[in-house]
Structures are given as structure tokens and as C-alpha cells.
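Sequences and hints are given; from them, build the entire structure.
Protein chains: 2
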Amino acid sequence: MQPVLDYLKQHQARFVAELGDYLRFPSVSAQPQHKKDLLACAQWLVKHCRQIGLEARLCETAGHPIVIAKTKRAAARKGLRALPKPHFMVYGHYDVQPPEPLELWTTPPFEPRIAGRNLFARGSTDNKGQNFAHLKAVEAYLKTGTPLPCDLTFVLEGEEEVGSKNLSTFLKQHRTELACDAIVVSDTGMPAADCPALTYALRGIIAFEITLHGPARDLHSGIFGGAVENPAMALAHLLAKVRDDKGRIQIPGFYDGVAALSKYEREQIKRYPLSDAGLKKLLGSPQLFGETGFTATEQRSSRPTFEINGLTSGYQGEGSKTIVPSWARAKITCRLVPNQKPAHVRKIVCSWLKKNCPPTVRMEISAGHGAEAYMVSPTSAAAQAALRALERAFGTKPVLMREGGSIPIVNEFKQVLGADTLLLGLGLPDDNAHSPNEKFNLDCFENGQRLSAFLWPELAEPV
Amino acid sequence: MQPVLDYLKQHQARFVAELGDYLRFPSVSAQPQHKKDLLACAQWLVKHCRQIGLEARLCETAGHPIVIAKTKRAAARKGLRALPKPHFMVYGHYDVQPPEPLELWTTPPFEPRIAGRNLFARGSTDNKGQNFAHLKAVEAYLKTGTPLPCDLTFVLEGEEEVGSKNLSTFLKQHRTELACDAIVVSDTGMPAADCPALTYALRGIIAFEITLHGPARDLHSGIFGGAVENPAMALAHLLAKVRDDKGRIQIPGFYDGVAALSKYEREQIKRYPLSDAGLKKLLGSPQLFGETGFTATEQRSSRPTFEINGLTSGYQGEGSKTIVPSWARAKITCRLVPNQKPAHVRKIVCSWLKKNCPPTVRMEISAGHGAEAYMVSPTSAAAQAALRALERAFGTKPVLMREGGSIPIVNEFKQVLGADTLLLGLGLPDDNAHSPNEKFNLDCFENGQRLSAFLWPELAEPV
Chain X
1 MQPVLDYLKQ
11 HQARFVAELG
21 DYLRFPSVSA
31 QPQHKKDLLA
41 CAQWLVKHCR
51 QIGLEARLCE
61 TAGHPIVIAK
71 TKRAAARKGL
81 RALPKPHFMV
91 YGHYDVQPPE
101 PLELWTTPPF
111 EPRIAGRNLF
121 ARGSTDNKGQ
131 NFAHLKAVEA
141 YLKTGTPLPC
151 DLTFVLEGEE
161 EVGSKNLSTF
171 LKQHRTELAC
181 DAIVVSDTGM
191 PAADCPALTY
201 ALRGIIAFEI
211 TLHGPARDLH
221 SGIFGGAVEN
231 PAMALAHLLA
241 KVRDDKGRIQ
251 IPGFYDGVAA
261 LSKYEREQIK
271 RYPLSDAGLK
281 KLLGSPQLFG
291 ETGFTATEQR
301 SSRPTFEING
311 LTSGYQGEGS
321 KTIVPSWARA
331 KITCRLVPNQ
341 KPAHVRKIVC
351 SWLKKNCPPT
361 VRMEISAGHG
371 AEAYMVSPTS
381 AAAQAALRAL
391 ERAFGTKPVL
401 MREGGSIPIV
411 NEFKQVLGAD
421 TLLLGLGLPD
431 DNAHSPNEKF
441 NLDCFENGQR
451 LSAFLWPELA
461 EPV
Chain H
1001 MQPVLDYLKQ
1011 HQARFVAELG
1021 DYLRFPSVSA
1031 QPQHKKDLLA
1041 CAQWLVKHCR
1051 QIGLEARLCE
1061 TAGHPIVIAK
1071 TKRAAARKGL
1081 RALPKPHFMV
1091 YGHYDVQPPE
1101 PLELWTTPPF
1111 EPRIAGRNLF
1121 ARGSTDNKGQ
1131 NFAHLKAVEA
1141 YLKTGTPLPC
1151 DLTFVLEGEE
1161 EVGSKNLSTF
1171 LKQHRTELAC
1181 DAIVVSDTGM
1191 PAADCPALTY
1201 ALRGIIAFEI
1211 TLHGPARDLH
1221 SGIFGGAVEN
1231 PAMALAHLLA
1241 KVRDDKGRIQ
1251 IPGFYDGVAA
1261 LSKYEREQIK
1271 RYPLSDAGLK
1281 KLLGSPQLFG
1291 ETGFTATEQR
1301 SSRPTFEING
1311 LTSGYQGEGS
1321 KTIVPSWARA
1331 KITCRLVPNQ
1341 KPAHVRKIVC
1351 SWLKKNCPPT
1361 VRMEISAGHG
1371 AEAYMVSPTS
1381 AAAQAALRAL
1391 ERAFGTKPVL
1401 MREGGSIPIV
1411 NEFKQVLGAD
1421 TLLLGLGLPD
1431 DNAHSPNEKF
1441 NLDCFENGQR
1451 LSAFLWPELA
1461 EPV
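Residue numbers (our numbering), protein chains in the order written: chain X, 1 to 463; chain H, 1001 to 1463.
Hint data in this document are derived by calculation from the structure and do not stem from the laboratory. Treat the hints with caution; some may be incorrect.
Stated by the list, open to error - Listed below are the simulated DSS-like cross-link pairs for lysine-lysine, each with C-alpha atoms no more than 27 Å apart in a straight line:
#1 1355(H) - 280(X)
#2 241(X) - 354(X)
#3 1246(H) - 355(X)
#4 354(X) - 1355(H)
#5 1354(H) - 1241(H)
#6 172(X) - 414(X)
#7 1354(H) - 281(X)
#8 1263(H) - 241(X)
#9 281(X) - 246(X)
#10 1246(H) - 280(X)
#11 1280(H) - 1263(H)
Given below as C-alpha cells:
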């Protein structure tokens, strides 16, 4: 193991430069104009994986391509029937969130910049930096000739930020090739650079968009205003009904099946080293706000939400335009928790919205992606192995936590491949994932490589 | 008079072509990038006014320039002290509303297109076509050598759509030059091409923008959602409180001083030849909606409103972006009726909004333009003269009406120049003022010229 660790230590500067190359691709999966940038990024990944000694290929899908990179299998190398080795899969994604609003970035989102121990760029923490840490660890094994105690397969997709819509089909098509003992994903967070974490639960999600249509065109608000519904006002009325001023969603059935947190879970959550005051400062909000009866950490990890992601109506340019807008739109996502079924929640939410839509406007709902929440036992052998690797890599006792984000594909892994996923996030709370000035901490990058190096023996040869 | 009418009849084709030239200037006063287009349009107007025999000049202001064009005064022509002649002012504006959303225009907004008896272009009805009709009438007088029974001054400004912010100073500076017996403005509507109208009241306006600030930046809705206020949701809550589901504004004091319509006024309004069913069809809205207890025509002419002109928050591009937006904004205008003071209404509305803003967000309010409502007696000599001219020009009895739009400067005329304004609108309800596919009816254009021709003798030599 020591040569692996030494190799990692020696090559940090090059690794950071390579990560910079990876981050320069504007691989924004939500924006059609970036299609060719996603392809170029995937091709760069294939080439890079081959350079470090993996067998890599680009797999076309109906959307953006998937990169598969594998350690050379024993059987293939020796021409003999190999002894069965454990097989682990590392999942990550090379697509990134849209960088808008661009004017809030200190430097351009696709021109990586280092300041202190932070590397700034869109996709640095979510998820390029995190998956690249795993690639660098396997490079250290391969380049130092240190035998890996397991077979590894990297699956790096390009549609995570738009709901992984083609990965499911791909998994089913490659079920045999990808059959494995566990999946490792670093696409979540850790509370602080010196506080590693194993995430044992994730929230699910449903996305949709509602548009309220009023007059056939924008109207002069002087000539017609007062005698016709304003769709923006109708939208305000509808959305305001969704949540009360105690942060509770008012849609009947929304909380059906949501399990209360156990005493053990509440205790684990209490160990999370970010106070409400610290969170408030981090967010820069006038004050924290959430469902009454829960701590902020509980609210954002263990409770479902109804979130407006965007509003659009009428005139948004400079100055004023005196119109009654023809339509008003809200982009919505609900975060779900274990036991909430996305299809069911979508149905009750959309039915409720339709029922509560005033007759003065016509409602159009378009459905986006959806994913179930995820939960795995933190006492399983794999989880325990991961906790040991975390402690060795970071030199400190890791925390167990739930996280509020969604990794839609994790449930799919369980369903299609029958394997649990270990969520070993390397992102920090102030990394600005999905926000302007996204960054990745270079200590997390380096310790993440060490984590990956320690992980394979721990997983392959459990105590 | 007959030579004037004959001249108008003979030159319609050229007049329409000239109006097309006028409409080709994208003179959008709200958008700074069009500053040079406004100047070019004003210069074109000066040149055109000189060609038809007026003394014209361009007057710089702190904003867009004002065009002044006058008939040659008797005194100046003869070198003698002139007998006092009545003096009337014609006011219009050469600036236009923003053309967005462009994709809803059948043909480009600044490429005039004729279909049947309609001329399509931004600014065609509001207000270039209407003020051009008056210019063509005076051209007919001057080119046929028909003596005008009055002096005329045209004031054509470039900031009507942004609140006429420099016209007030200009009026005060030119108080003596512009002193007149009455002002004529064609910038309102008539119910139908065969139903001319004198508008005796206009609504006032206040414009403002509210922005609710939440977190310091857009946040990942998975990592943080649930523990922090969503500014878009806070905005929905705040706006929904403003109006109840009976269309009544809930801000205490909002209706203070609003006079009930008299029996005479209600009867005049009933003569307005557009039924609720006709209005619904015109607007293309699922149904009409307004304050309970008033007809649609009353609601849009005689009642105050609180209108959302635009909403902006978070991500508005294609696909979804899972964020808690950092801020949410609403552009608002309130239409006011006689006896409501803009400054007072602005104060109570803004105070109420601040008081009702939840502590989870920080509110920023920026004030836009404002103007008082206007009302003039329909039994005055000038109004009676205008009614006679309307009947002669259109060959049918005109209606008396209130209109819901605002012409902020009309009160200023009364205050600074001490003169009443005659509102002789040539726009039709389906002209799409402020909307995509704005048009001007060419019959209204031609009859508008005749109206202007008949008007000066009627006004100068009242019965």
C-alpha cells in the first residue's frame, strides 16, 4: 500500500492540472447547445482512462454517452480462467449544472482557478473532482504495479443533472458486465474537510413545471386590466396555498408514509458539526426557515419539500412594461424521503394543483424527472469497511449522515444490479454545488484519493 | 374645407407609405440600446414636419429629445402684430413599448406590413399612427393654402412609455411658448371603427418593483432545501395576500376616495358597444375576471387595480435546475382612478408590502413612474366642439367614455399650461397596443385625419 500512497503524494500537482483539463469542458447536460461539449468531455475521459491503464470505451445512448473504464481482468491477462475476485463499481458523472447566472461568477465557470486550497470551476465538486479522485487512486495502483484485490469498473455518465434518463436502460443492457458486490459513489458531501462521512440515506425527487395560461397574448394593463385574470397573480395564489407559514406543505397526503426519525438517527444527526448559526452564516439568508418541529439539519436531510426553482412571467427587462401577462410559469421540484413513492407524490401534487387552479386560467403541467429516496443499513459489512477506510484516509472518526440531495440512479443500482451503494462524499458545505463560484477543496481531493486507495482492500478483504 | 378633404383623400397611399417609414424606427424608450434609434426617429420627424410646411426643431432633454413643430405664426409672416388667434397644442409620442416577446410576432415588429385595412408594426396604434394623422391634416391645410383658424403646436415626445420623465421640466421651461386654449391627444381608443369616441377620463398609475432577497446565492435544493426560505415562495405568499378571490385589493386604504360612478356615467358606459362575451372573445382568456359588483367595462375603466407585469426568479432556461433561488422579483403597476393620489397610494401599498414581508427574506422596493388619473367635463365648449368634429369626420354619433389607460402628462398640461385636454383616440380594442402584432386600422387613420381637419374650425369658432 505504501507505494500507492507515495505515488499519490508525489503526483498531486499533475493531478490538479489534469482535473483542470477535465473542468474546462462546458458539459452542461440541460442545455442542448452543449451536446458536442459533452461528447468531447467523454472522449477526453476515455483517452485519460486508457493512459492510466484502464480498458475504456465510450458507449452511445439515446442522450449523452456513457464512459466505461475497467481494470484488466485476471482472466484476460493470463489467458486462464481467473479465480473469482470481488467486483466493485465506481459511479460518477461528467455532466454539470448550468452555470447561470454568469454575472455572479468571480471568474468564468469553465476556466478553472486555484485560490489557496480551493479549485473553482463549474463541476469541480459536482462531480468531476470527486470521480477524478477515484481514477487517480486506481492510477496509483496500476502505475506502481500494486495488485488490486478486486476488479473495478468505472461508470461515468453524462446525464445525472437531467435525471439519468438513459442510464437505466444501459444498466439493464449491461447487467452481466456490471454485476458487482457494491457500488461506490462520491457525489455527496462531508461536513468539513477534517470530518469525513458515510451517507446512509438520500432524498428522492420529482420535477415538474406548471404554466397558467390567461389571455391569448400580453394585454395593455390600462385598457384591459381589472376585467381579466392576471396569470401571475393566479400563480401566486396557487403556490401560496401549497405551504403554510410554518413551512408545512398543505397538499393532503403529501406526508403519507414519511417515517419519523429514530432516536439513533437523531443522535447521529446531532454529531453533524454545523450549528444552525453556522448554517445561517453559510447561506447568507436573513434567517433560517423550515418545517416547525425539526432542526435545520433534520429539515434538509430527512423531510420532504416543495421547492420553486424558477418563476417566469411577463416582462423581465429593464424599466417597466404595463401589461397583463399572457401566462406565468413555475419550475418545481419536490424532495422526497424514504417510503415516499415518486409516482404517487407526483399524482397527488398534480391533482391537487389542478383542483386548486382557478377557472380564470388554464393549467398546463409538464412532468420532469423523478427518483425515489434511498437508504442503506450503516451496519452492513460494506458500510463498516467504508468507515474504516475513511478513518485511515482522513485520520479521524467519520460521521454517519443522511443527505438531502438526490442521486436518482442509486435505487436503480439496487433494483437492476442487486447491490448496495456506499456514498462517500467529498464535497464541503461551502462548495457552492449548483451555485455560482462552485469549488472543490484540494485537501478533499487528495484525501479522497487516499480513501479510494484504502477502500479496495477493506472492501475486498473484510475483517 | 373641401380642398383639405379632397387632398386627404388623394394622398392616402403616400401617407401610409410615410407612416411605414416612421414605424421602421425601433424607438423603444425603455431599452437603453435603442437610444440612437429614438434620436434618428426624432430627426426624421423634424425633417418631415418641415417638408409639410411646419417650423420644426429638435429639443434636447436629459433623456430622449422632444420634437416641436408649429404652424407659421401670423405675426412672423407679415412683420406686423398679429391679431390674437386661438392656439391649440397636439401632443403625441414617437417612442414605443418593447416588442418582446418577439417570437409571438407574425412578422418582425419594425417591418411594417399591411393586411387588408390593417397596418401591423410596433407603435402603429400607440402612438405613431395616431399622431401622424394629425400631421397629415395640417399638411392638407398648408399644401392647399386653406387658412387655419388657429395656431397649432405639435409636441411629440420620446418618453411616454417610460413615464414622460423629462416632459414636465420641458413644459415649465416653455410655458409661454406652449400656452394654449386646449390640448388635443389621440392616444386612447374608440370602441369600433364606426364608433368614434371622446374619452373624458383616464386612469392614473404607479409603477414599482419588489425584490425579495433570501440566501446570498442560488442554493442546491437537495443539500439546503427545507431549512431555508425560498424567496419565490415568499413572493407568492406576499402577492397572494394582495388580492382576494373576488378581485378585491386587500391593502387597507387602497380604495380611499374612489368615487362611485354616477347614474349618468353608468348609462354612458352602457352605450359602449362591446359586450362581456365580445370582450372575452377578444382577450382569449378562459373567462373574464374582476372585482365583484362591477361590469367588465366599469372594471377596466373606472376601478383601480394591482397588476403583476412580470415575475423573475431562479432558473428559467430549458430543463430543470434544482436550486433554491437567491431572490425573486415582481414588476408591479397599479392603475388609479380620479381622487386617488399616486404618492399616497404608493406609500400605503409599499408600507403594507413591507409590513407583510416575512422576516425570512429582505425586501427591496424600487419606485418607477407615477401619474394621477384625469377627468374633464364632457359638457365644456371644447368637448362639445370635439363631439361635433367626430360626428362630421365619421358620419355617426360619437360615444362618451372613460378609458383605463394612463397618459401621465395630461394632468401636467392642466397644471402647467392651465388647459384641458381632449382625448380623441383612434385605436381599436383589437389593435394589440403593448402586445405582439400591434396594428393600426387604416380607416381609423383616414378618418382621424378628417377629424383633425374638422376639429380646428370647430374649436376655433365654437357655435
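Keeping to a limit of 27 Å between CA atoms, is the pair of residue 1280(H) and residue 1263(H) held or broken? With Cα atoms ~25 Å apart, residue 1280(H) and residue 1263(H) stay inside 27 Å; holds.
Just to be careful, I want the Cα atoms of residue 1246(H) and residue 355(X) compared with a cutoff of 27 Å; is the pair within it? holds (18 Å)
Between residue 172(X) and residue 414(X), is the straight-line Cα distance small enough, at 27 Å or below? holds (12 Å)
Would the hint linking residue 1246(H) and residue 280(X) be met if the CA-CA limit is 27 Å? Distance ~39 Å between residue 1246(H) and residue 280(X) Cα, so the pair is violated.
Within 27 Å, alpha carbon to alpha carbon, are residue 354(X) and residue 1355(H)? violated (32 Å)
Can the restraint linking residue 1354(H) and residue 281(X) be considered satisfied, given a maximum Cα separation of 27 Å? holds (24 Å)
Between residue 1263(H) and residue 241(X), is the straight-line Cα distance small enough, at 27 Å or below? violated (40 Å)
Holds or violated: residue 1354(H) and residue 1241(H), Cα atoms, limit 27 Å. holds (13 Å)
27 Å Cα cutoff - pair residue 1355(H), residue 280(X): Measuring from Cα to Cα gives roughly 23 Å; hence the hint holds.
Would the hint linking residue 281(X) and residue 246(X) be met if the CA-CA limit is 27 Å? Holds, at roughly 22 Å.
Given hint residue 354(X) paired with residue 241(X) - CA-CA distance at most 27 Å: holds (13 Å)
In summary, the structure is inconsistent with hints 4, 8 and 10 from the numbered list given earlier, while agreeing with the others.
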